[in-house]
Amino acid sequence: MSPKASTRVARGIITFLFIYLATPIVVTMIYSFSTSWVKTILPNGLTLKWYSELVASPEFMAVLLRSFSLGLLTTLIAMACFLPVVFYANVYNPQVKSHLRFITVLPFTIPGIILVTGLIQLYAELPIPKIIILVLAISLLSLPLTYQALDNAFIGRDFRAMFEQALVLGDSPFKAFVKVIIPNIRAGVLVAMLLTFTSAFGEYVLTNLLLGGNFETLKIYMYRLMRSNGQASSVLTTIYFIFLAFISLILILIMQHYSAPHKSTKEGAKK
Amino acid sequence: MKTRLKVFFPLGLLVVLVLLLPITVMIIASFQSADGSFSLENYHQVVSTRYYTEAIRNSLAISLVASVISLIIAIIGAWALTRLAPKTKNILISLFNMSSSFAGVPLAFSLIILFGNAGIWQALMTALHLPRTFEIYSLSGTTLAYTFFEVPLGIMFLFPVFEELNPEWKEISSVLGAKPMFFFKKVIFPVVLPNIVEVFTLLFANAMGTYETTFALTGNSLVTIPTLIGTLIDGGLTANVPLACTFATLFALFMTAIVWLGNRVTRSKREVKA
Numbered sequence: 001m002s003p004k005a006s007t008r009v010a011r012g013i014i015t016f017l018f019i020y021l022a023t024p025i026v027v028t029m030i031y032s033f034s035t036s037w038v039k040t041i042l043p044n045g046l047t048l049k050w051y052s053e054l055v056a057s058p059e060f061m062a063v064l065l066r067s068f069s070l071g072l073l074t075t076l077i078a079m080a081c082f083l084p085v086v087f088y089a090n091v092y093n094p095q096v097k098s099h100l101r102f103i104t105v106l107p108f109t110i111p112g113i114i115l116v117t118g119l120i121q122l123y124a125e126l127p128i129p130k131i132i133i134l135v136l137a138i139s140l141l142s143l144p145l146t147y148q149a150l151d152n153a154f155i156g157r158d159f160r161a162m163f164e165q166a167l168v169l170g171d172s173p174f175k176a177f178v179k180v181i182i183p184n185i186r187a188g189v190l191v192a193m194l195l196t197f198t199s200a201f202g203e204y205v206l207t208n209l210l211l212g213g214n215f216e217t218l219k220i221y222m223y224r225l226m227r228s229n230g231q232a233s234s235v236l237t238t239i240y241f242i243f244l245a246f247i248s249l250i251l252i253l254i255m256q257h258y259s260a261p262h263k264s265t266k267e268g269a270k271k
Numbered sequence: 272m273k274t275r276l277k278v279f280f281p282l283g284l285l286v287v288l289v290l291l292l293p294i295t296v297m298i299i300a301s302f303q304s305a306d307g308s309f310s311l312e313n314y315h316q317v318v319s320t321r322y323y324t325e326a327i328r329n330s331l332a333i334s335l336v337a338s339v340i341s342l343i344i345a346i347i348g349a350w351a352l353t354r355l356a357p358k359t360k361n362i363l364i365s366l367f368n369m370s371s372s373f374a375g376v377p378l379a380f381s382l383i384i385l386f387g388n389a390g391i392w393q394a395l396m397t398a399l400h401l402p403r404t405f406e407i408y409s410l411s412g413t414t415l416a417y418t419f420f421e422v423p424l425g426i427m428f429l430f431p432v433f434e435e436l437n438p439e440w441k442e443i444s445s446v447l448g449a450k451p452m453f454f455f456k457k458v459i460f461p462v463v464l465p466n467i468v469e470v471f472t473l474l475f476a477n478a479m480g481t482y483e484t485t486f487a488l489t490g491n492s493l494v495t496i497p498t499l500i501g502t503l504i505d506g507g508l509t510a511n512v513p514l515a516c517t518f519a520t521l522f523a524l525f526m527t528a529i530v531w532l533g534n535r536v537t538r539s540k541r542e543v544k545a
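The listed protein sequences correspond, in order, to chains Y and L. Counted the way the numbering used here counts, the first sequence spans residues 1 to 271. Counted the way the numbering used here counts, the second sequence spans residues 272 to 545.
Since the hints were derived computationally from the structure, they do not count as laboratory data. A couple of the hints might just be wrong.
[As the list claims (entries may be wrong)] Chain Y side only, calculated, beta carbon under 7 Å to chain L, not exhaustive:
1) Ile14
2) Val38
3) Leu72
4) Leu76
5) Ala80
6) Val85
7) Ile114
8) Gly118
9) Ile120
10) Tyr204
Bear in mind the structure is a predicted one, so any value in this text is a computation, not a measurement. No residue lacks a Cβ here, since even glycine has one placed at the ideal position from N, Cα and C.
With these hints in hand, go ahead and build the complete structure from the sequences.
This is the structure in structure tokens:
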């Protein structure tokens with residue numbers, strides 16, 4: 001195969017994959033704009049009625065607020081747990097990294113459904129608010145994302161020298177970290193925060209099983225609507241999808257903005 | 272030493288509180304009989320009750336088929352991705368990332384609109400006077416559903432591996448007179464194979480642990496290990512948390528072994544390289 005032909009084949013494959021993965025999403029979007037679409041190939045008509053109905057319902061705002069606070073708290077806890085450790089591992093003690101690797105496979109060996117079993121066995125009878133346990137558990141399960149994104153932020157610069165100069169100049173370690181290190185890894189921190197927030201925002205398994213559906217977050221609401229009111233659920237799914245797309249767009253922009261100068265130094269070194 | 276303690280304290284506390292302690296308690300509970308004494312009764316139930324072995328069989332079947340199919344598609348997809356322009360690559364990777372976070376309730380709902388009883392696919396079949404051939408709430412339907420997040424996940428794992436392959440190798444081997452097939456079999460395949468095995472174990476483990484999509488798609492009509500655990504925790508009268516702990520313990524052991532093996536394959540390759 002000539003390179004040109006193989007590029008054409010590659011484009012074809014990617015286009016096919018794209019259509020395959022996007023079809024369910026596109027169909028849900030069309031469904032959310034349809035007056036009704038039951039047992040027909042095409043919807044009967046188009047309307048915005050379902051959007052105004054859902055957005056106007058008081059439940060909707062309450063649900064968003066709950067998921068938003070869950071996402072925010074989780075992000076803060078994940079950052080507090082990991083920022084110091086990833087910094088320390090990268091700057092002072094790279095051996096720690098090999099021990100941290102277990103965290104990256106954690107969601108595969110102990111997925112949410114397994115973790116929640118242990119959490120219920122341990123905490124069901126204890127007088128600790130379940131919501132605290134929930135936030136901590138979601139933070140733990142989002143750690144791989146946080147870890148990877150933060151770890152990438154430390155590639156390619158001498159943070160040790162920066163940090164120690166600040167210490168020599170009289171800053172306390174904490175102050176030096178906030179003033180000198182954070183500004184230099186802010187892109188990585190931002191990416192890590194966005195990824196953690198998104199995963200907590202859309203959490204379902206832990207929230208549903210640990211709190212028994214009493215704390216209605218986005219996905220739990222979506223599931224309830226799905227059983228009772230397909231149209232409303234499709235609107236919620238579409239809004240959720242637009243939210244995900246928006247986050248992805250920000251991520252793409254951050255990566256393009258920050259990776260551009262990085263790349264040119266790499267190429268310069270090659271020459 | 273003191274700063275080190277401070278650095279690791281928050282993470283350590285988190286890991287102890289919501290990972291080590293619950294998992295330890297879970298393992299202990301799995302050996303408890305109804306009256307609280309030590310017994311293997313729960314384990315005996317897992318292997319001897321037909322409904323439970325069915326859950327294990329279903330989980331293994333769906334996960335194995337879904338991860339093999341997804342792996343094949345992901346290999347082709349990741350290869351195709353390396354052939355595109357750098358900017359397109361970045362955008363597509365973000366899109367794949369996004370579509371894998373669409374898994375769960377939203378995915379199940381979309382598939383019901385597409386393939387459900389009142390869905391578009393059935394309408395199409397009826398209009399064309401064809402028999403109903405595909406049931407989304409079935410084993411094969413669930414397997415199809417899994418591919419929607421397994422494929423993008425596989426591509427995201429494999430793409431960096433393929434991206435690292437050096438295009439110069441191909442030139443060198445063709446200068447030395449190697450045929451493309453020979454090159455593929457003797458150069459590319461040995462380098463990539465360990466990674467493919469590792470990605471396969473991750474995809475398999477991911478499918479085995481899938482609760483949200485299965486539950487949202489089939490309710491409790493299709494029983495897998497995760498949905499069974501969900502029922503045992505959540506099921507009101509039929510709730511049996513110690514038995515859920517038994518299933519969860521077996522699951523965690525089995526998955527740790529598999530992921531460890533998968534990791535081992537790539538690790539040994541790295542050591543040889545060094």
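Hint-by-hint comparison with the structure:
1. Taking 7 Å as the C-beta cut-off, the interface hint given for Y:Ile14 holds, the closest approach to chain L being about 5 Å.
2. The restraint placing Y:Val38 at the interface with chain L holds, with a minimum CB-CB distance near 5 Å, inside the 7 Å limit.
3. With a cut of 7 Å, the hint placing Y:Leu72 at the interface with chain L is violated, because the nearest CB-to-CB distance is about 17 Å.
4. With a least beta-carbon distance of about 11 Å to chain L, the hint placing Y:Leu76 at the interface is violated under the 7 Å criterion.
5. For the restraint placing Y:Ala80 at the interface with chain L, the shortest Cβ-Cβ distance is roughly 5 Å, inside the 7 Å limit, so the hint holds.
6. Taking 7 Å as the C-beta cut-off, the interface hint given for Y:Val85 holds, the closest approach to chain L being about 5 Å.
7. A least Cβ separation of about 5 Å between Y:Ile114 and chain L falls short of the 7 Å threshold, and the interface hint therefore holds.
8. Below 7 Å, beta-carbon pairs count as interface contacts, and Y:Gly118 has one with chain L at about 3 Å; its hint therefore holds.
9. A least Cβ separation of about 6 Å between Y:Ile120 and chain L falls short of the 7 Å threshold, and the interface hint therefore holds.
10. With its C-beta approaching chain L no nearer than about 5 Å, Y:Tyr204 sits inside the 7 Å limit, and its interface hint holds.
When each numbered hint is compared with the structure, violations occur for hints 3 and 4.
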